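Residue numbers (numbering that gives the first Met the number 0), protein chains in the order written: chain A, 0 to 532; chain B, 0 to 532.
Pairs involving identical chains hold if they fit within one copy or between any two copies, as the list cannot separate such chains.
Computed cross-link-like contacts, SDA-like style, restricted to lysine to any residue with a CA-CA straight-line distance of at most 25 Å: (1) Lys30 <-> Gln465; (2) Lys299 <-> Leu179; (3) Lys516 <-> Arg501; (4) Lys299 <-> Ser223; (5) Lys299 <-> Val362; (6) Lys27 <-> Arg314; (7) Lys299 <-> Gln269; (8) Lys30 <-> Pro431; (9) Lys299 <-> Glu156; (10) Lys27 <-> Cys10; (11) Lys299 <-> Asp158; (12) Lys299 <-> Thr185; (13) Lys299 <-> Arg338; (14) Lys299 <-> Pro190; (15) Lys299 <-> Glu346; (16) Lys299 <-> Glu334; (17) Lys516 <-> His137; (18) Lys299 <-> Gly183; (19) Lys299 <-> Glu176.
Simulated from the structure, these hints should not be mistaken for laboratory data.
These numbers come from a predicted model, not from an experiment.
2 protein chains.
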Amino acid sequence: MADRRSFWAWCLESEEPTDEDRAALAAKLSKRYGVEVTAEPVPSLGDAELRAPRIGVPDSVAGWCSTTTYDRARYAYGAHFTERVRAFNLDFPNPPDAVAHPRDDTEVEATLDWCDANGYVTVPYGGGSSVVWGVTPHDDLGPTVVISLDRLDRVLEIDDVSRAARIQAGVFGPCLEDQLRPSGHTLRHFPQSFRFSTLGGWIATRSGGHYATNHTHIDDFVESVRMITPAGWFQSRRLPGSGAGPSPDRMVVGSEGIYGIITEAWMRIQRRPVFRATAGVTFGSWQEGCEAVRHLVQAKLWPANLRILDPAEARRAAGLDGEQALVIVSFESAELTQRHNIAQAVEIARDSGGTVDDDDIRVDDGTGAPTGRGGAVGAWRNAFIGVGNGVETSLGLVDDTFETAITWDRWPEFDAEIRSRVGAALDDTFGPHHSLSCRFTHVYTDGPAPYYTWSGMGAQGSEIAQWQAVKDEANRAVVDAGGTVTHHHAVGRMHRPHGYDRQRPELFAESVRAVKKRLDPNGILNPGVLIDP
Amino acid sequence: MADRRSFWAWCLESEEPTDEDRAALAAKLSKRYGVEVTAEPVPSLGDAELRAPRIGVPDSVAGWCSTTTYDRARYAYGAHFTERVRAFNLDFPNPPDAVAHPRDDTEVEATLDWCDANGYVTVPYGGGSSVVWGVTPHDDLGPTVVISLDRLDRVLEIDDVSRAARIQAGVFGPCLEDQLRPSGHTLRHFPQSFRFSTLGGWIATRSGGHYATNHTHIDDFVESVRMITPAGWFQSRRLPGSGAGPSPDRMVVGSEGIYGIITEAWMRIQRRPVFRATAGVTFGSWQEGCEAVRHLVQAKLWPANLRILDPAEARRAAGLDGEQALVIVSFESAELTQRHNIAQAVEIARDSGGTVDDDDIRVDDGTGAPTGRGGAVGAWRNAFIGVGNGVETSLGLVDDTFETAITWDRWPEFDAEIRSRVGAALDDTFGPHHSLSCRFTHVYTDGPAPYYTWSGMGAQGSEIAQWQAVKDEANRAVVDAGGTVTHHHAVGRMHRPHGYDRQRPELFAESVRAVKKRLDPNGILNPGVLIDP
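From just these sequences and the hints, can you work out the full model?
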């Protein structure tokens, strides 16, 4: 049997942690926090008791529909902490009744027709990397079919002249890049979920990618989309730009599966970069570093990377002293030296109080060698790339991230308010054993996209409730202080209470409802995401 | 009395052409084309016979509503050639019954309430620069009220830290820049209509601006919008970026007044540029020049200006030999020298076969002196800036432009097909006396936005019918060949037949209808624009 995705951990089955790994971590946590932490054994699917499927699969779709326990457990959840805990605990109150793996547009359409005719809850499913409860609903809303796009994984056409490609929506990040690489191309969209997320998921959720400035979201790389809805196909025209009415693509981008299922898209691609330049600049304080980032982005040099780690993150990830902030600025190009850009960026950073040795400004003029893998920048990069394989699940540790965006004029007060309110919630929930830190993942001329990471040592068995207490306050605080409840993680079901439902214009919600009613009159698609009907 | 806009010509009343100007031009045309051209005298508003207003203005809105002949004639049309001819001929079959000039949001809302309660056709009106029949309908659809935003003309707040400003929608281009200039800011949005168009109009129509690459449309500069609809206020949150559902702003941008009336917006502004660099590069052929533009834009240097004139335009506007194409590339910045960028751009242009003397590469490192006002570039600039004041109206000359966007892979065939089909329509309509030429106004990594200009010497009195014959074929040809029916002139009523109605996904039209039904249940706003109800 091929190496499958773990049904509970964010990895392949072959990469799951062992009971020994977990026992060792439990012992370490027990010692560090003075509490008794017990490592339950890693779960076995054979022990899972799933409700029997409540629907029969007719011959018309049987060729690509599955009702195996593996599929029903595997597709019961997305990737969020709370969902990983539930899967670990074999807690599957609402598994899908069937999982479809259609192999082409015709099979997607047939599956959707079957679901619509019967009023089944229908969930488009890409890589399952949602961290916002954006896929299978946890509550029972009736018979449920997951439509996985995993077999729609091909790059269908590459247009080297226009630098664009027609790509099926179900392709995972690495497989997509493998297909673009032989002709020298790349999409260069690398969300943290890259390994286990898909093009269609990126488009449906307005994924944030590799570029920290200018074209940050997948939105800007979409040339046209193809989507099947219960009302029929929605296919936009390939256009480099247009002013003909509101953009049809922008209606689909961010629709999170409530209007239809994206099956393919024409995407703007590019030549693989070979010219690079990078510098890591230290600042005496978080505030000073943030001001430097503002000056850098407002100079419109459009660096590929422009990030800042607060002193806590800079210490943890890059070994700095806990007072200093670290700014990373990088440029890349397939065709042109980036030495002038990095020189101008460094000048701005130094004028803003930053420190960087000339030796730490790395320029590569076409060898293609990485420039960002040494020193503080490299240390940070390695810390970022690593994503846990579930070893800590259900050991009482609670952690999460939340991200937002805010205009510069409000930034320092916003940051203070978030740290104060979420810090208080962490205090209340975890006592002394918690952390809260921040970096910018993306930056705009009019404001940053701050990304907060928090963790706390909680009580085994209470992780989900403890997480919820902190999350509620984070949603409230972000929206109260003027930010967006999500910059690139999407809304799903998680970000609605205290958050999205207060943030978006009420008449926009009405408009989304009106569109959904027209495209999905029976309301089968991803109910509860973004809106109530 | 203050100098008012001409009710028929694209200028102020004081700038209208005289009968002598027109007689001289008529004589010139008679001689050139061997036909008798007679210059009718410039029209006088006193000779206009307008249908009496069919509605009374109640006290609740009387303070800002007008029923004068001047207002009703002035707001009866937009700026299109066909509308200027009609106004010149005092042909006003469907003047608005009243014109409102509300002074604040409350008065806008009261006016809209009045219209909605009575089912009056309601037209939001900015500068009236629409060239797509996007404002007052020509056909009688019932009592009609124009809501002019001309008194909402203030910059309300400037946020220098975030580089953003809160601006009322009715401000005209020059007045907007006048209010931003004292603090060193600019919006730098300079459509050809700049003098007589407004911020709200730019947003409602997805106006194309100063920047030829990267952020070409007004869309990218909108931070948030405020719009009154019959269903209430639609106010989005100020955010530098977001991934929370489909963008509310992108639903409003391009909605062409069918959902509501934009009253203000937070816009991304910038420091005024003082560093500049420009080069004009000649190419032996149109095709060679277009390939160079493709290489230039795909290098992602993001020049502020990157345009190409075909040999006909390069001869007419810049004095070249009729074989050569002219590429203009310019960079600008408020903070950084642009000498490296222009050097890299020139290298690409030369590698692509272009010719430019080193002396013709102009760099200004901070004096703020213009760099693009000498030589071929300057000649072209002066030709572009001049817009006719109506001297040629109703003398038999017919002229217009149309603009589109198309991916690079289709470009040469697209251009050939457009020239062939529109050329044939010009032949059929005008015989030998016509011209057709092209430039790029905006350029994307995946394709250009070509802008075609045509003219023909037609028959006095038949100008509108002759124009229509060519326009129908242009709409058809552009959409048949894969382009968009408009890149930045908007859809209005003109671009629907043969064009927009075939181009947009049918389910998108259904979605727009559904949203309109929710926001404007009585269908009073700008009926016939974008969709039929």
